[in-house]
Amino acid sequence: MATVKTKKTTKSKKASQIPVRYRVIGTRPIRHDGVDKVTGRAQYGADVQLAGLLHGGILRSPHAHARIRSIDTGKAAALPGVKAVITSADIGPVTDRVVDLGEGATRLQHLRDNILASGKALYQGHAVAAVAATSPHIAQEALRLIEVDYEVLPPVLDLREAMEAGAPLLHEDLHTDDLGTKSMQPSNIAKHLRFEKGDLEKGFKKADQIFEREFLTSMVHQGYIEPHNATAFWNADGRLAIWCSTQGGFTVRQQAAAILDLPVSSIKVIPMEIGGGFGGKIHVYLEPVAALLSKKSGKPVKLVMDRAEVFEATGPTSGSHIQVKIGARKDGRIVAAQAQLAYEAGAFPGSLVVCGMMCIFAPYDLEHQRIDGYDVLVTKPKTAPYRAPGATNAAFASETVLDEIAEWAGIDPLEIRRLNGAKEGTRRADGLVYPRIGFLETLGAARKHPHASAPLEGPNRGRGVASGFWFNVGLKSSVTAAVNSDGTVSLTEGTPDIGGTRTSVAMQLAEVLGLAAADVKPQVVDTDSVGYNDVTGGSRVTFATGLAAIEAARDIERQMAERAARLWGVPASKVKAAGGVYRHATDSKKKITFKELAARLDETGGPVVGKASLDTSASAGGGFGTHIVDVEVDPETGKVQILRYTAVQDVGKAIHPSYVEGQLQGGVAQGAGWALNEEYFYDDQGRLANASFLDYRMPTALDLPMIDTVLVEVPNPGHPFGVRGVGEVPIVPPPAALANAIYRAAGVRLRQLPMNPGRVLEAILTRDGKPPSKA
Amino acid sequence: MSEESKKPPAPSSASPEASGRFSRRWFLQGVALSAGTAVLPGEGLLGGSAFAAPQAPARIGPEPVQIALSVNGKDYQVKVEPRVTLLNALRNYLNLGTNTPIDLTGTKRVCDRGSCGSCTVILDGKTVYSCSVLAVECQGKKITTVEGVAEGNQPHPIQQAFVECDGLMCGFCTPGFIVSSKALLDRNPHPTPTEIRRALNGNICRCGTYNRVFQAVELASIRMKVKGG
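Protein sequences appear in the order of chains A and B. The opening residue of the first sequence carries number 1275 in this note's numbering; numbering runs sequentially from there. The opening residue of the second sequence carries number 9 in this note's numbering; numbering runs sequentially from there.
Next up, chain B with everything else stripped away, as it sits in the complex:
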């Protein structure tokens, strides 16, 4: 491992994450920024084009507001207080006003403070801790949860590899690892062992399955290459 860490980091691209320099500190800075945005309603939250709610009021909350979320390719209308995190919205709100039961409890609430990775989702191609993003910030963005990683009823090659390599023990942190691995392979289909290790450093597994998780991601990468993925 020490030899691995001595290698120079991969050439830098757009984000620290893509350059292999993703760290929890960097992530938390990001969280702090978005939280800062959230407490200034009107200035950034609904002003930007990313938040395409029609006829947005100048100020939102504290009462629940109607927002649209696109999760795993499905559009949901939900009414949430502005303080509701994306994690909370996914787990507890996505059935309001419809007859569909809540079925998105795969994303897990563990630390609720952006420090463990179990609630990781992909937001417009980038991984975020959904406990540290407000639901109202996510309008107009594509959200992928662990339930959206599978291809229909078929487990994704990453999920298949986790099962085959025993890349899980109790399974509670697993959804976060699956989503982080998916985001990694989406942007870097053939990562080096060091790149895998670094990309998954924002996820904690207390059962200590890291070694097998890395093997699973490598296996999935190889299989997806064979498939031309």
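Bound-form chain A, shown alone:
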């Protein structure tokens, strides 16, 4: 995911001519899974019931950092009803190696140690042992009987302290990979990376003013509503089945195979309906543990986390420390930009600091840049991706400094972005040269939106603007599509449907074949039943699985044309297909619809199945968004109320506009929560103090206004319909947009997230007695 290749346009566009006026694309059919979900019938992982099912539980470390001297499971194993107790010893010996998980590589030892701690517990909540019993209550009681002898070690909770020499080490064998060279001393800094373009010093010499600022953001959680769950059955024939909530059945299969030392082909993963993921349901936590419990007990075992476990032990996203130095001329042109980003990896290496580095100045055409990144270990849970991972932290820093520069130069915030904005041909610091992108178009649309010019009356109110970028990925997708005799098509996918992709993918197949969306029956299936698919992540499914569906549709169309040719006794080359009708090229009397032809497959050669397996990485299209927000700041409490919000985004082509608008609104909702309220709050011993929805407060209906969306459509040249990923971009601008609005409302620049009432009030009270500036 970290590498972005230069794009080129797709090659084959010949099989059928895509109509310019779409019949299905751009409409809003109802979702195929809608009724199941509103009636409570949809089956999620925790709803799985199997004969003889055992219930598991996990014992977790109460300490943030501790050496495990010994674990005594004897009493727990003896409790009536307990069928299996396991520790890391049950995983078996491991020869450490680097394993490729399709979305990045990791050390096998780290992958295993995060599932069940061996040697040391590295964060509060780190799994130490697990049990399976005949009821959840017995499992919980058994956990209390496991005796663990810990040698408590000092925690390392502050990112900057963790980077210092002499800080307590999480991994004694970990040396910094410093720009490709291994450090001599072990360290908590797993990696130092750098991107460089132009001559930074030369650039800064041209500046009339240099702005140097420092930012802090807290660890935040994806907050998906459905807790992690896994049910596993290790059959006597050595085959392992796993039912779980995941963004990718195939990545669960790969991770479980690596951890359990099994061939991938002996594992079948059945992805159930998924209750939100946002990047947090890619790493495995429970699946291998349930498998080991099943192996030991001979029965199927179900594990379901409670909310505290989700907070304490699953992937939050990195807190960060970011320093930005930008040189600008009086006319608002930026002449040099430098950034240093340090991201919390949590207990094992692998923060997505590289994504933050790639995104921090991505919206701008800057000649001279240097960006340094550090991946830093702290005694907190291993971080996981969260919607545009790394980009939101980065944009909070760069976009608020840009706002400051706009004010200094006396230029409108939208105008300074236009002045410096990236376009086709702009080269990013990490090397990529943009193909056709739509950043400037989002600025233009934002300017035209009534929100940009609406008067903002009343005291303590302000308007803020910010932009953001996310690359969007392509990766691999496979589908098969079978024509039914009633003229419908059953579409088989392997990318779990998190927010309507069954429908948005089905619509693309329907468009090519001239069918209605309802005539396509999409389903997400297990890993034995479809070709390989990468995860639902990187805003890729409507794009990449959509491309696969288009290819499968063309495959079907070609076969159907052959069938029509057979019916008429003419060569296939004589049959032309368009909009679901197959016509003889010269004899206008000979025509047949898709539905009519589908009913006659048996007499023309039997079933028709289309298929496609693609690696779409080269043609994914990056996305930009520009947000405008109005806030009112209560000067007595520091509370920020969002009055109005408008999100503008280049979406390429909106297949199902409702879903695209929903993604924009959802991203804003999460970004606003991150900006104003959410944070991991640790005590000095490294215990998470707010592991519940009451104390980790996510936005409710009363916290958010109606969120207006503007879909700008600058087609991605890498997709026949122009699709770009849309889901991640909208979480990137909100914290910066809100910080800029708070400044206009209250005259204080906040450079730390969250901007909760306490922090805003403190800033107001220490404001140099300066009155708030006017918007």
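Any given hint could be a false lead.
Result set (SDA-like, lysine to any residue): computed pairs, CA atoms no more than 25 Å apart in a straight line [as the list claims (entries may be wrong)]:
hint, chain 1, residue 1, chain 2, residue 2
1, B, Lys-87, A, Val-1322
2, B, Lys-150, B, Pro-72
3, A, Lys-1795, B, Ala-158
4, A, Lys-1863, A, Gly-1853
5, A, Lys-1542, A, Ser-1764
6, A, Lys-1599, A, Ser-1764
7, A, Lys-1795, B, Thr-202
8, B, Lys-134, A, Leu-1968
9, A, Lys-1869, A, Ala-1756
10, B, Lys-149, A, Arg-1315
11, B, Lys-150, A, Lys-1869
12, B, Lys-87, A, Leu-1353
13, A, Lys-1480, A, Lys-1795
14, A, Lys-1599, A, Glu-1488
15, B, Lys-82, A, Arg-1315
16, A, Lys-1913, B, Lys-134
17, B, Lys-233, A, Val-1309
18, B, Lys-150, B, Gly-133
19, B, Lys-87, A, Ala-1325
20, A, Lys-1573, B, Asn-100
21, A, Lys-1471, A, Ser-1764
Some chain A residues well away from chain B (every beta-carbon gap over 12 Å; in silico) [said to hold, decoys possible]:
hint, residue
22, Arg-1302
23, Asp-1307
24, Asp-1374
25, Gly-1393
26, Val-1422
27, Tyr-1424
28, Leu-1453
29, Lys-1471
30, Glu-1486
31, Gly-1551
32, Lys-1573
33, Glu-1641
34, Pro-1709
35, Asp-1800
36, Phe-1955
37, Arg-1961
Just so you have them, the derived chain A footprint on chain B, three or more residues with Cβ under 8 Å [claimed, not checked]:
hint, segment
38, 76-82
39, 152-160
40, 170-179
Treat the hints as calculated values from the structure; they're not laboratory data. Ideal placement from N, C-alpha and C gives every residue a C-beta, glycine not left out.
Given chain A's structure and the hints, the job is docking chain B onto it.
Same frame as chain A, now just chain B:
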């Protein structure tokens, strides 16, 4: 929104919920009360007429006790320990002693601490978080879950409106929103946008579909009015 919040609250009626002043704090006070009742067996739990178990023992538990629950118009006999919440009973116990499979997993366990609304059910006309009510407290009361909102095999107009307005993304919080919306329209068939927003403030949607949820409830309200509902 700020203009909406400046409007005076609707005239007060029986409960804070009905007056539009429902809050999570108010709800939790309610939970605390019922939990307090639950730890005093004999004094309130089985003493009140609401709990019509015949020949109730003076003290219940810790062993499983036989109770009767009326869920979606069907009567179930279940044996549960007193600590079993209504949520747990719905999801995991309602088939014990019968051949019927468990089919009430629509009510979702999310926070298990009365703070997200995904397990909302209607108990004698009022919404409760089923994770924060004990099953033994619910005897003699009418329980409606998301499965009981549909009219036979036909989705309820609220459910239909959620589908049409895309008032869901991942769908996991949706059962709670459906049930809360049903309870709202039952007592206030034509709520204002502010009343809808407030009535649904006890439900969290992390996908951020609030805007569409409100549209769905408005649409359902209009349709039910046309139908004379």
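For this session: Decide, holds or violated, for the assertion that all CB atoms of chain B are farther than 12 Å from the CB of Phe-1955/A.
Result: 16 Å, holds
Exercise. Is Lys-149/B close enough to Arg-1315/A, meaning Cα to Cα at most 25 Å?
Worked result: Given that 25 Å is the threshold and the Cα spacing comes to 24 Å, the pair holds.
Exercise. Is it true that the CA of Lys-1795/A sits at most 25 Å from the CA of Ala-158/B?
Worked result: 24 Å, holds
For this session: Below or equal to 25 Å on CA atoms is what counts here, so check Lys-1863/A against Gly-1853/A.
Result: Since the Cα atoms of Lys-1863/A and Gly-1853/A sit roughly 17 Å apart, the hinted pair holds (cutoff 25 Å).
Problem set entry | Given as non-interface: Glu-1641/A, which should sit over 12 Å from chain B by C-beta | 38 Å, holds
Exercise. Under the criterion that the straight-line Cα-Cα distance not exceed 25 Å, is the pair Lys-1480/A, Lys-1795/A satisfied?
Worked result: 60 Å, violated
Exercise. CA of Lys-134/B to CA of Leu-1968/A, is that 25 Å or under?
Worked result: Answer holds: Lys-134/B to Leu-1968/A is near 22 Å, not above 25 Å.
Exercise. Straight-line Cα separation of Lys-150/B and Pro-72/B no greater than 25 Å?
Worked result: Since the Cα atoms of Lys-150/B and Pro-72/B sit roughly 22 Å apart, the hinted pair holds (cutoff 25 Å).
Exercise. Going by Cβ atoms, does Pro-1709/A stay more than 12 Å from chain B at every point?
Worked result: 30 Å, holds
Exercise. Is it correct that the beta-carbon of Asp-1800/A has no partner in chain B closer than or equal to 12 Å?
Worked result: Asp-1800/A clear of chain B: closest Cβ-Cβ about 20 Å, beyond 12 Å.
For this session: Could you let me know if the closest chain B CB is still more than 12 Å away from the CB of Lys-1471/A?
Result: 36 Å, holds
For this session: Please work out if Lys-1869/A and Ala-1756/A have their alpha carbons no farther apart than 25 Å.
Result: 13 Å, holds
In the structure shown, a violation is registered for the earlier hints numbered 6, 7, 11, 13, 16, 21, 22, 23, 31, 38, in ascending order.
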